[in-house]
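Enquirer: For reference, the chains in residue letters:
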Amino acid sequence: MYELEIERPTTVADAVSALGGEAQLLGGGQTLIPTLKQRLADPEKLVSLSGIADMQGISASGDTVEIGGGTIHADVAADGTYAALSELASHIGDPAVRNRGTIGGSIANNDPAACYPAAALGSGATIVTNKREIAADDFFQGLFETALAEGEIVTAVKFPMPQQAKYIKFVQPASRFALVGVFVAKFADGVRVAVTGASNDGVYRWSEAEAALSADFSASALEGLTVSSDDMVTDLHGSAEYRAHLVKVMTARAVNAA
Amino acid sequence: MPKDTGIGAAPKRREDVRFLTGTGQYSDDISLVNQASAVFARSNVANGVIKSIDTTAAAAMPGVLAIFTGEDFVEVGGNPAGWLINSRDGEPMKEPKRPVLAHGKVRHVGDAYAAVIAETVEQAKDAVEAIEADIEELPAVINMKDALAGSNYVHDEIETNQCFDWGWIEDNRAATDEAIKNAHHVTTLDLVNNRLVPNAMEPRCSMANYNAAMNEYTLYTTSQNPHLTRLLISAFVLGIPENKLTVIAPDVGGGFGSKIYHYGEEALVLAAAKKLKRPVKWTSDRTEAFLTDAHGRDHVTTIELAMDKEGNFLAFRTETMANVGAYLSNFSTATPTFLHGTLMAGNYTVPLVYVNVKAVFTNTAPVDAYRGAGRPEATYSIERVIDKAAREIGMDPIELRRKNFVKPDQYPFGSAAGLEYDSGNYDALMDKMEDVADLAGFDARRAASEAKGLLRGRGVNAYIEACGIAPSNLVGILGSRVGLYDASTVRVNATGNISVMVGAHSHGQGHETAFPQIVAELLGVDAASVDIVHGDTSKIPFGMGTYGSRSLAVCGSAIVRATEKIIVKAKKIAAHMLEITDSEVEFNDGVFSAVGTNKTVSFGDVALKAYIPHDFPIDAIEPGLEETAFYDPANFTYPSGAYCCEVEVDPETGKVTVERMTAVDDFGNIVNPMIVTGQVHGGLGQGIGQALLENTVYDETGQLLNASYMDYTMPRADDLPFYAVDHSQGTACTHNPLGVKGCGEAGAIGSPPTVVNAVIDALQSGGNNVTHIDMPVSPLNVWTAIQNA
Chain A
1 MYELEIERPT TVADAVSALG GEAQLLGGGQ TLIPTLKQRL ADPEKLVSLS GIADMQGISA
61 SGDTVEIGGG TIHADVAADG TYAALSELAS HIGDPAVRNR GTIGGSIANN DPAACYPAAA
121 LGSGATIVTN KREIAADDFF QGLFETALAE GEIVTAVKFP MPQQAKYIKF VQPASRFALV
181 GVFVAKFADG VRVAVTGASN DGVYRWSEAE AALSADFSAS ALEGLTVSSD DMVTDLHGSA
241 EYRAHLVKVM TARAVNAA
Chain B
1 MPKDTGIGAA PKRREDVRFL TGTGQYSDDI SLVNQASAVF ARSNVANGVI KSIDTTAAAA
61 MPGVLAIFTG EDFVEVGGNP AGWLINSRDG EPMKEPKRPV LAHGKVRHVG DAYAAVIAET
121 VEQAKDAVEA IEADIEELPA VINMKDALAG SNYVHDEIET NQCFDWGWIE DNRAATDEAI
181 KNAHHVTTLD LVNNRLVPNA MEPRCSMANY NAAMNEYTLY TTSQNPHLTR LLISAFVLGI
241 PENKLTVIAP DVGGGFGSKI YHYGEEALVL AAAKKLKRPV KWTSDRTEAF LTDAHGRDHV
301 TTIELAMDKE GNFLAFRTET MANVGAYLSN FSTATPTFLH GTLMAGNYTV PLVYVNVKAV
361 FTNTAPVDAY RGAGRPEATY SIERVIDKAA REIGMDPIEL RRKNFVKPDQ YPFGSAAGLE
421 YDSGNYDALM DKMEDVADLA GFDARRAASE AKGLLRGRGV NAYIEACGIA PSNLVGILGS
481 RVGLYDASTV RVNATGNISV MVGAHSHGQG HETAFPQIVA ELLGVDAASV DIVHGDTSKI
541 PFGMGTYGSR SLAVCGSAIV RATEKIIVKA KKIAAHMLEI TDSEVEFNDG VFSAVGTNKT
601 VSFGDVALKA YIPHDFPIDA IEPGLEETAF YDPANFTYPS GAYCCEVEVD PETGKVTVER
661 MTAVDDFGNI VNPMIVTGQV HGGLGQGIGQ ALLENTVYDE TGQLLNASYM DYTMPRADDL
721 PFYAVDHSQG TACTHNPLGV KGCGEAGAIG SPPTVVNAVI DALQSGGNNV THIDMPVSPL
781 NVWTAIQNA
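Protein sequence lines correspond, in order, to chains A and B.
The letter at position 129 of the first sequence is residue 129 when you use this note's numbering, and the numbering goes up by one with no holes.
The letter at position 19 of the second sequence is residue 19 when you use this note's numbering, and the numbering goes up by one with no holes.
Just chain A, same shape as in the assembly (with noise of 0.2 angstroms):
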């Protein structure tokens, strides 16, 4: 690691003014800090978020979970209120990570492997910024790239509560992060169905299988679609053809087990 410097602010607005230069956020840091460990980011100084207490706590109000954008995996877990997304929580890495790792940081990081940008494209949720909100068919961008500005907190995620919901990874052996992740969700208007792991361009969604099982909420509904392995990722664990294959068989898994 080279030297660095650190802050650790109590409010969002002390984090926002500590950045600047070459200033980089730190939220649970298990991405973050292995990449600094192996020299492979030099930032000046470190703005840790993990001291501000508004951006902890998971609150639910009618049909909407609010999960603080400093909320660990391990709290999500635990809470249980939005089934399966604390099921999903429950098995991202190993209990270190769940217990340092955050939601706000898996989001604004958006890994392409990365199990919560499934559950908040799936679930239609909202991104709550310390400037704004942003839907989440708005707010990831492709590999690695988000709507946030720079300086810009992810300091909630407001996640709208289906009728039912599941998330299905087939995880890459050696990571654990999902070689193809799928969250299905039912809402009373409609499905929607977003896939991590698998495309060039990161999460995304699966219209022809939303209209599908929005018609037909079963796993029977998919039968006759095909995903295409266009931009489909290849690497040492899946072809682009073994993960199309797979989207369409975690998606029919999602909707039984939902």
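Since the hints were derived computationally from the structure, they do not count as laboratory data.
Check the hints yourself; a few may be wrong.
If you want the footprint, here are the derived chain A segments under chain B, 3+ residues with CB under 8 angstroms [stated by the list, open to error]:
hint, segment
1, 89 to 102
2, 236 to 243
Using 30 angstroms as the maximum straight-line C-alpha spacing, the simulated DSS-like pairs for lysine-lysine come out as follows [unchecked claim]:
hint, chain 1, residue 1, chain 2, residue 2
3, B, Lys277, B, Lys244
4, A, Lys186, B, Lys452
5, B, Lys309, A, Lys45
6, B, Lys655, A, Lys248
7, B, Lys309, B, Lys407
8, B, Lys403, A, Lys186
Cβ pair distances, simulated, as ranges [stated by the list, open to error]:
hint, chain 1, residue 1, chain 2, residue 2, range
9, A, Asp201, B, Val697, 24 to 34 angstroms
10, B, Asn152, A, Pro34, 35 to 45 angstroms
11, B, Pro721, A, Lys37, 30 to 40 angstroms
12, A, Met1, B, Asn215, 32 to 42 angstroms
13, A, Pro34, B, Pro673, 52 to 62 angstroms
Yeah, the Cβ is synthetic: ideal placement off N, Cα and C, and Gly gets one too.
Model the placement of chain B on the given structure of chain A, informed by the hints.
Expert: Using the frame of chain A, we list chain B on its own:
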């Protein structure tokens, strides 16, 4: 006899108390006053010409004490190969120099071309980044077939990438060819034995201290064999006299072969410590471990099995390309040859075996012995082709194996691959396996799996290995440049407790618990009064270290021999104390008695007397009670086993789940059955890891694509089933005093073909015409095989 602590007892491992409470002392835990840190500059290209290395800016960085490059080691020797292999045409193998630091060319990603010594690790890292190295990248030699065919050489001076072209047994070549040509049925299989990264939990670490006043060096290092490391440094690389160099391998967190070898980092810290007159430490990070620890396996093989119309084996013929990487590591030429070719008859009476191995230099990390070392490759080839053959001729795979087994009345059995098996009973192992694995219940389990939409398969395997490495006379004839005996000193202290200095090194094997059981058994004392001393060349007589499942069979035998000498001497002292002749002394359960009388002296009395000998007859009895023995085995030992694996395969995703794993092994006599079971568990974990998960992938430019745990799949607890392990069918080794065979590698040898056989069986049961999948049998590879079937 204290049966709770002697041979056959199962006390818990005493060393685990310190390991589990975080009080073990590993190399990196040792820090010396005024210690400096070494960090290496490593090549990020696989093949390149070093045009220039400018260290000016780096040398001026804060805290920098010294910088070394390959130029500094031009005058010293290379790290040698320990085993000379001659090619079929009689030519000796090619042995290009392996320097301490790369000089002239870098030959694999991670090849070190410079080292910075600084006050702190971070300062040294900063300075490494400031070294300006002009390295002209050249096309990399990666694929072995291309390496043999092409004219782009890893080592220009040898003008070939072929290290050797070895035939075994060359005199049988024509007869084997003829047998295959005329056979009723020949089964052929092309397979890859996947390359593995050892991934010891503790990365390598080396720290050197130099005492200028005494001109003495101490090297603390992660080694499986500190004496061998000292010998290589002294005799070949730096020329430090052995009596001026102490090598200490303290607690070592796993080796699996990768810490047998001497590495350049050890020589570098020694040279740096002398230059700076300060202790210098280097600790590998995990990325360096991936890039520079000697890898394992990496064979590409075609195997043929010829049979008559009854299914009797007539011949095995294999053609193998074995990757040795960019440089020869110390055992890398023995692993694919005499630890592989000599096992190619398996457990079978097959009359003809011919093995051709071409060892190939590539721009990859060196490849050397890794848990099993050659024998997993042999077993995998044999047991996969037998399974394929059984399917082709429509015979049950267990029946086909039994039909060709060496039978109990055939020992000693001279195998067609040149070894003499001393004992075994392969049918008894198979019988036991069928029982323990509940083969009778398989059909019901398969039906239950199918009801869930899953395919269930069953694979079996029979293996033999040669361990207890090794009879010095035989391995000398075969090309080994060292003898492979071991040594022990048993020191009975005046107060009766016992220190046993051993040449074997314990880094997971449980020697500190098992070895005292031997001494306790022979002397009739409590094992708790016996301590093992290992890992320090200044404390132990000599030793060839721990690898090849040799510690108990070879070093354990040395302990027996030394303890027997103790008994002879103690009897003399007891006779003196009892005022009788030596031949009138009986020794039982720790008590010396005069035959036919009730006069006795205890072992403790004799020990005390040995050190306070006011009245010894000066010509007849020397004071003291300490004996040393060197033990050289008469033959290899031959553990064998019968394994069974049941898997479930999800045909939609290709995911394989190991549902049941049964290992029935013949390890001969057992000293500590709990430790044996643990060793088998560990081996099975690594074998299942190789079969299902692990692979080491270089791209065509020589970049290691999975040099971290984000992409290199290590087996984890939830990838593994609960095991059924049985070692009740032991047949004693006939040529060592304990009758033991060795258990450290068996699980890793027996399990890979068992798992793959089970996966093929599962896929076939689902109507998929899949006859082979190369390891790892990953979800992607299984799914792809199903699509292509």
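Enquirer: Take the hints in turn and mark each one as holding or not.
Expert: Evaluation of the provided hints:
no.: 1; hint: 89 to 102; result: violated (count 0)
no.: 2; hint: 236 to 243; result: holds (count 6)
no.: 3; hint: B/Lys277 with B/Lys244; result: holds, 15 angstroms
no.: 4; hint: A/Lys186 with B/Lys452; result: holds, 26 angstroms
no.: 5; hint: B/Lys309 with A/Lys45; result: violated, 76 angstroms
no.: 6; hint: B/Lys655 with A/Lys248; result: holds, 16 angstroms
no.: 7; hint: B/Lys309 with B/Lys407; result: holds, 21 angstroms
no.: 8; hint: B/Lys403 with A/Lys186; result: violated, 61 angstroms
no.: 9; hint: A/Asp201 with B/Val697: 24 to 34 angstroms; result: holds, 25 angstroms
no.: 10; hint: B/Asn152 with A/Pro34: 35 to 45 angstroms; result: holds, 36 angstroms
no.: 11; hint: B/Pro721 with A/Lys37: 30 to 40 angstroms; result: holds, 35 angstroms
no.: 12; hint: A/Met1 with B/Asn215: 32 to 42 angstroms; result: holds, 39 angstroms
no.: 13; hint: A/Pro34 with B/Pro673: 52 to 62 angstroms; result: violated, 42 angstroms
Checked against the numbered hints above, the structure violates hints 1, 5, 8 and 13; every other hint is satisfied.
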